[in-house]
Amino acid sequence: MNPFQYVRATKAKAAIDARAGDATSQFIAGGTNLLDLMKRGVMTPQRLIDINKLPFDKIERQSNGLRIGALALNSTTAEDKQVLERAPLLAQALNAGASAQLRNMATVGGNMLQRTRCSYFYDPAMPCNKREPGSGCGALEGYNRMHAIFGFSDKCIAVHPSDMSVALVALDAAVLVSGPKGERRLAFGDLHRLPGDEPQRDTNLEAGELITAVEVPDSPFTKHVHYLKVRERASYAFALVSVAAALSLDGNTIKDARLAMGGVAHKPWRLTEAEKSLIGKPATEATFQEAARVAMQGAKAFKHNQYKLKLAPNAIVQALKNAAAVS
Amino acid sequence: MEHETPPAGCPGHDEARRTFLKQSSLLTALALAPGAVVRAAETEFDEKVAAAFEKVSLKLDVNGVKHKLSVEPRTTLLDLLREQLHLTGTKKGCDYGQCGACTVHVDGKRVNSCLTLAVMQDGKKITTIEGLAEGDKLHPMQEAFIKHDGFQCGYCTPGQIMSAVACIREGHADSEGEIKEYMSGNICRCGAYPNIVAAIQEVKNGGQKV
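Sequence lines, in order, name chains F and H. To get this note's numbering, take the position in the first sequence, counting from 1, and add 101. To get this note's numbering, take the position in the second sequence, counting from 1, and add 524.
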């Protein structure tokens, strides 16, 4: 690990000022991804600003939903009574991620900011436009089994790795951010970016901006929800494809639906058109098949991830069946 | 080294070799030096870089013993435990948070000690495998691992046991399936998994205090 200066912030403003004034610095909360990347020489911050003492770890009920502090642990959030009651999809997605130990360390804010697990990004000996802009994309013509089928560019075909983010985008969450210019609120779907010509930028956060909380609005999606994660072992692996499915049912009729995928794009991939195709229809396999067909429009695979073109629609159908409890 | 002595009758060889060594060690130093040091060397010395190598003071309670320590910021909790406190029961497996061999409890929660900095644990209470037994009396989970042969080579065992104790305390050991899911962060290359699950189930069902 490169040597670095370590400072501990006790006030958010001090942390933000320190970060804004020094582009070589990074915030550290759980550190489970940052320290991993630092050990591999992928990230080499000259200064770490420890934000763990900031008062952002509360999970609170608001008039229109839940407010989850950015420093709430993944494990605490996944087992929080109010989260289980009002946003069970989020709890399922959190528990699908990492291991019990890592969920005890990783925070909600850090989870959404984790970097891609693309093996070319992770290996400083390889070209990667995300790690080193202009060096090329090793995955494009390389081993791209884990890579994107939506929204990629010729600069980057990496995928966003967070499970939690998939549930949050489906649930229309919002991110509260504090920065040098004050506070602002981003729709969760606007937090992450597609790679375009600047794959080095994972998110739309500006220099020095600190995530302080995430808001999950109340929704009718408290019962018929399912987070399906397809991976290469039963637990503790990143998704090949994952699906967050949420239905609001009136008898067997779908009143409203939320659908998003993970492991398929540079950001958590909301499936708005597929959601629309579900509304007003009976909760049957035929309906779900049609939604999956709509969801997959525009998908394009590379040499080694062709399987995702079959796996993704099948996962959508299965997640919807599980959510609706249709056997 | 004798075999590197230049052959007689090669005037200047010695000097050339010395110059080469001088240059190459300078190059090595530069190659190993972090960016900040190289940059600082260019712009004279800079306070920030000095701070990067400065030690940070730290208070920790490890297995009930209070420590006042001084650590370099990049020391992980794992390296502090093993290298400074000589508590080598906690193992370094992958060092990237993928295997669970380094599992310890921080304020009662199980964590991967390889993926957290020691300086981030200031004021915390750490329990390692060495802190589990009460004197000569093994913890029930340690007894159960022995009884059920929950290990072969034993390298992952301290992490498995720390994780297993937490798994029961958290209330995630109600079924075989749940134990497997909540123990998935601890990898055993010998494949002692069925015996580990049996050990956890016995402790859980035995109703002993863990």
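Simulated from the structure, these hints should not be mistaken for lab results. Hints are supplied without guarantee of correctness; some may be wrong.
Stated by the list, open to error - Cut-off 25 Å, straight-line C-alpha distance, at most; resulting in silico cross-link-like pairs (BS3-like, lysine-lysine):
| hint | chain 1 | residue 1 | chain 2 | residue 2 |
| --- | --- | --- | --- | --- |
| 1 | F | LYS154 | H | LYS592 |
| 2 | H | LYS616 | F | LYS159 |
| 3 | H | LYS633 | F | LYS140 |
| 4 | F | LYS159 | H | LYS648 |
To be verified - Covered, in the sense of this in silico footprint (three residues per stretch, anywhere, with C-beta under 8 Å from a C-beta of chain H), are these stretches of chain F:
| hint | region |
| --- | --- |
| 5 | 103-115 |
| 6 | 195-203 |
| 7 | 296-308 |
To be verified - In silico negatives: residues of chain H with every beta carbon more than 12 Å from chain F:
| hint | residue |
| --- | --- |
| 8 | ARG598 |
| 9 | LYS671 |
| 10 | GLU705 |
Quick caveat, the model's predicted, so the values are computed rather than measured. Beta carbons are placed, not taken as given, at the ideal position from N, Cα and C, and that holds for glycine.
Hint by hint, here is what the structure shows:
no. : hint                  : result
1   : LYS154(F) - LYS592(H) : holds (20 Å)
2   : LYS616(H) - LYS159(F) : violated (33 Å)
3   : LYS633(H) - LYS140(F) : holds (24 Å)
4   : LYS159(F) - LYS648(H) : holds (20 Å)
5   : 103-115               : holds (count 6)
6   : 195-203               : holds (count 5)
7   : 296-308               : violated (count 0)
8   : ARG598                : violated (5 Å)
9   : LYS671                : holds (24 Å)
10  : GLU705                : violated (5 Å)
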